[in-house]
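There are 2 protein chains.
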Amino acid sequence: MFSSLKRFLIGRPLKSNELGEQKLTKLKALAILSSDALSSVAYGPEQILLVLMTVSAAAFWYSLPIAVGVLILLVALILSYRQIIFAYPHGGGAYVVSKENLGLYPGLIAGGSLLVDYILTVAVSVSAGTDAITSAFPSLHPYTVIIAIAFVLFITLLNLRGVTESASILAYPVYLFVLALFILIGVGLFHIATGSVASNLHAPVGTPVAGIGLFLLLRAFASGSSALTGVEAISNAIPNFKDPAPNNAARTLIAMGSLLALLFSGIVYLAYDYGVAPRPEVTVVSQIAEQTFGRNFMYYFIQGTTALILVLAANTGYSAFPLLAVNLAKDKFIPRMFTIRGDRLGYSNGIIMLGLLSIVLIVGFRGQTEHLIPLYAVGVFIPFTLSQTGMMVKWFREKPKGWVLKLLINSTGALISLLVSIIFFVTKFAQVWSVLIFLPVIILIFHRIRKHYEDVGDQLRISESEPALSIEGNVMILPVAGITQVVENSLNYVKSLSPHQIIAVHVPFNREDEALFEEKWEKWQPGIRLVTLHSPYRSIIQPLTKFIDTVQRKASESNYQVTVVIPQFFPKKGWHNILHNQSSLLIRAHLLFRRNVIVTTVPYHLKK
Amino acid sequence: MFSSLKRFLIGRPLKSNELGEQKLTKLKALAILSSDALSSVAYGPEQILLVLMTVSAAAFWYSLPIAVGVLILLVALILSYRQIIFAYPHGGGAYVVSKENLGLYPGLIAGGSLLVDYILTVAVSVSAGTDAITSAFPSLHPYTVIIAIAFVLFITLLNLRGVTESASILAYPVYLFVLALFILIGVGLFHIATGSVASNLHAPVGTPVAGIGLFLLLRAFASGSSALTGVEAISNAIPNFKDPAPNNAARTLIAMGSLLALLFSGIVYLAYDYGVAPRPEVTVVSQIAEQTFGRNFMYYFIQGTTALILVLAANTGYSAFPLLAVNLAKDKFIPRMFTIRGDRLGYSNGIIMLGLLSIVLIVGFRGQTEHLIPLYAVGVFIPFTLSQTGMMVKWFREKPKGWVLKLLINSTGALISLLVSIIFFVTKFAQVWSVLIFLPVIILIFHRIRKHYEDVGDQLRISESEPALSIEGNVMILPVAGITQVVENSLNYVKSLSPHQIIAVHVPFNREDEALFEEKWEKWQPGIRLVTLHSPYRSIIQPLTKFIDTVQRKASESNYQVTVVIPQFFPKKGWHNILHNQSSLLIRAHLLFRRNVIVTTVPYHLKK
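Chains A and B, in that order, are what the protein sequence lines are. Under our numbering, the first residue of the first sequence is numbered 1, with each subsequent residue one higher. Under our numbering, the first residue of the second sequence is numbered 1001, with each subsequent residue one higher.
The set of hints was computed from the structure by calculation and includes no laboratory data. This one's a predicted model, so the numbers in the text were calculated from it and none came from an experiment. One or more of the hints may lead you astray.
To be verified - Covered stretches of chain A (in silico footprint by chain B; criterion: 3 or more residues with CB under 8 Å from a CB of chain B, positions within the stretch not fixed):
id	stretch
1	14-20
2	446-453
3	555-569
Note that beta-carbon positions come from the ideal geometry of N, C-alpha and C, so glycine has one too.
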């Protein structure tokens, strides 16, 4: 039943050699890998204006030079990551680049930040999309958390069905959003050119503004830069592309960068020219759309696709997290299960874990995840900085053809990213200090896990110095509760193995039972030695384990191996189990977990 | 750690032969077995007045003849149960008496009613005691349920420590309560005799009252009879008495009956003479105490001991339930575990089950268990009727010396009990109809359980017609995940048993791994046959079980037994388990529960 539900939800299992069919075309890859970055257009420009507004509306013209700064950073990042894609065509992004060029710790910092960051991406973007929906339909407000969880489950299932299937479904809303924004920007610019809307309402560029300072401008710049989160996703997900994967990934990256640059600058310019000021209840994009179209179909189309893309931004996390997890798991820093492909060839453990953890975050913050945004931005700019720095080191070391230009590009990227990271720490310390706690903790956990895997590897490796068990003979112990068919079965089995010694053990609770049982046994199996362990405290396990320890001590002197053979009957129906004490289960668990004794279970399935 | 906590809470385990020291003297037995019956004095008289009040205060004089009726019923029950004690000196009470004389179904009805009834006793009396406490300290009111649960846990623990220990502790409050009530009644009567309180305030006996009818009087009588619940407890618990158990039990029963009769009639008389009318916020006993002593130390002493005895009434359930459960479990109607004596020689499973179920009731009803009282009274009077009827049949059949008198006593008891049961059904049907549902359900469950035990017995019995497994040879299958120390150990073990065939099985997920592993294996263990099962869907269990099925089909043709030997390593620390997929656990569970294959686990305990 469980398996047919699974079939229904995620589809039939795929063979390993069908993996090729699970690769993405550029068009689909652009849709699912850029939804995070593109969705930031919906809130990035607003973040800049919010900071400037703290001084005065006259300062709004600064949004234009700040946007230019963000665009420069964007170009630097896109070019830098393009170089990373070609240099590391198997993916892995910031983690692999930092680890290989800067060393283990920078790699782990980058990997740990991104791992946490993708969980934040999912939680934050799903919550934002849910907010957009509950704002439109206030009666849904009490169900915010449930709706958000439903979205996470939906996206998780979609990703469990496989990356191509999720891409086919998710491509539509992403491209509709891009289309909607292009129409908005185009019509807006046309209005401005024809003078059909009131424009130029803000103070003109260059107006001196009292109280504006470098610190504030940097804060506005950092806030605007949060629109660039998600730019690194493609570099993690190269293995998902059709061949030639690096070329396709690089082209997709350039396409994403161009779209992002156009939409971002268009929105910033329209906002400035329309004289839009951020208002708590209406978003900047919504104000622009209203001024451009009025409240007609186009307005609702823009609002609807915006809400949708906010939710779907989560999908970028689903594409990048499992692949990053595979890289970390291959290096033994996180559990090995993340390297296992599920029925549909996706890394389903990573997908499920991401879904679960983001639900935990959503529930923990009751859907109010906005104050996680700065944390989430820092979590991206730290690995940005590290990976660009790693590339700098790489070019400097390897000095390939044209390395100076490459070094220059990555240096610019590294410098600006570092700057943004520092600005975040300085200006929003109250919201990001926790990074300084959880990054060391995560790295410690990584190390503990790796240490364990290495220990296990050492111990499992076949070594000449520690030869395996050498067995000269076998002693078999058979705990018997009564004279039954189950015991007879087990006894016949033990006899068929012809060990050197068979000992049947019975644990009576009083002397009368003891004598009675010994007598009955002697009649039934006169050839098999019976040991009775009178248990005045009515425990079966204690005297039994004590006895087994004694036998084992003796046996090991002459390299004899002790096996405990447990007769166990299985009732036909599950509920019957509560009617039996099932000492056999207890005995087995006790013996296996505490002692070095081999345990054989002889099952006897009841038929009625 | 768990075991030292257990030691601390319930004490060191006792040897089975220390059972004699766990027997009760008459004085202690009276305390713990009569707390239920005696506590009813605190509310029984009030129940009568509450019914009469629905007509008019002039009807209160009827409480005197009704009390006489209750006393007659009490005498009949005490004498009847005295005869039961001597006739069934091993205890078992209503269940055994009904089963032996009336047949299986009446026995099960009696047993089922009492089983449920003791759970109700605990829930109702603890809730009533808690109510008394929270009435005195209203700030505790929000914690009613928690306090009630704490009381249940306390009494459960006390009983797990053993019956003598609980009796030693609980005897004090019971005797203090008896003492307090005797002082109250004595001083009250003295006041009346000396005329120092206003008395004779009610309408005199014989005053005609309009609107009084037989139905109402019967209802009042039935309500007053609920004070007699708990009278049967001693007959269930004879095995807890010191030798000669029946004589001691009979004397204890008489003592209890006398105390109950004296206290009950004293309270009824004082209530009538003082002209006390039931008030919602103050109990009748509290009003009598206040009029007798004013609000001084004695008043609070009476109130305190009353609250205490209400809680301790639960203890009667703890004495009788486990012994009734033993009787039902010996007849295979309830799980066998109820016949097992715990560390302190009490039937701890019964004690724990009673505690758990009453907590469930308390939580389910949020501590408001008052409306369970009629249900609880019916649950007592049904077995009363059945056991007395059973005794009638017994005397009639056996006709021992003086049987006519004995028959007469039990007939009176049976008749009045039947009458009370009918009155309950007629007058309080809305509260007791559920008995008609749950009794048949319980009896059905009893039968299902017994049927299962009988089926199991049939199947486990060694029979000539179905001979046990005959084994001509052994095939051992060893699933191997890699070439490791764990596998080498298991392989050495398998070789030492020299079976007819050893098959190592490996499940690779792709063709390259397959070829590589075959090559490595050939170098390492050239003598052992390796089968690789390529798994295109990346499942280990499916191809493995399919293979085992095939081998088993072939093997069974020539009576060969198949054993699957599973190498399993155990990490040193619990949390390490999440780092390993532990396919071995899954494989073992799958094989044991679904197939008839013997499974051997070769443990390998990691040292770091």
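Report the numbers of all earlier hints that the structure fails to satisfy, in ascending order. Every hint satisfied by this model.
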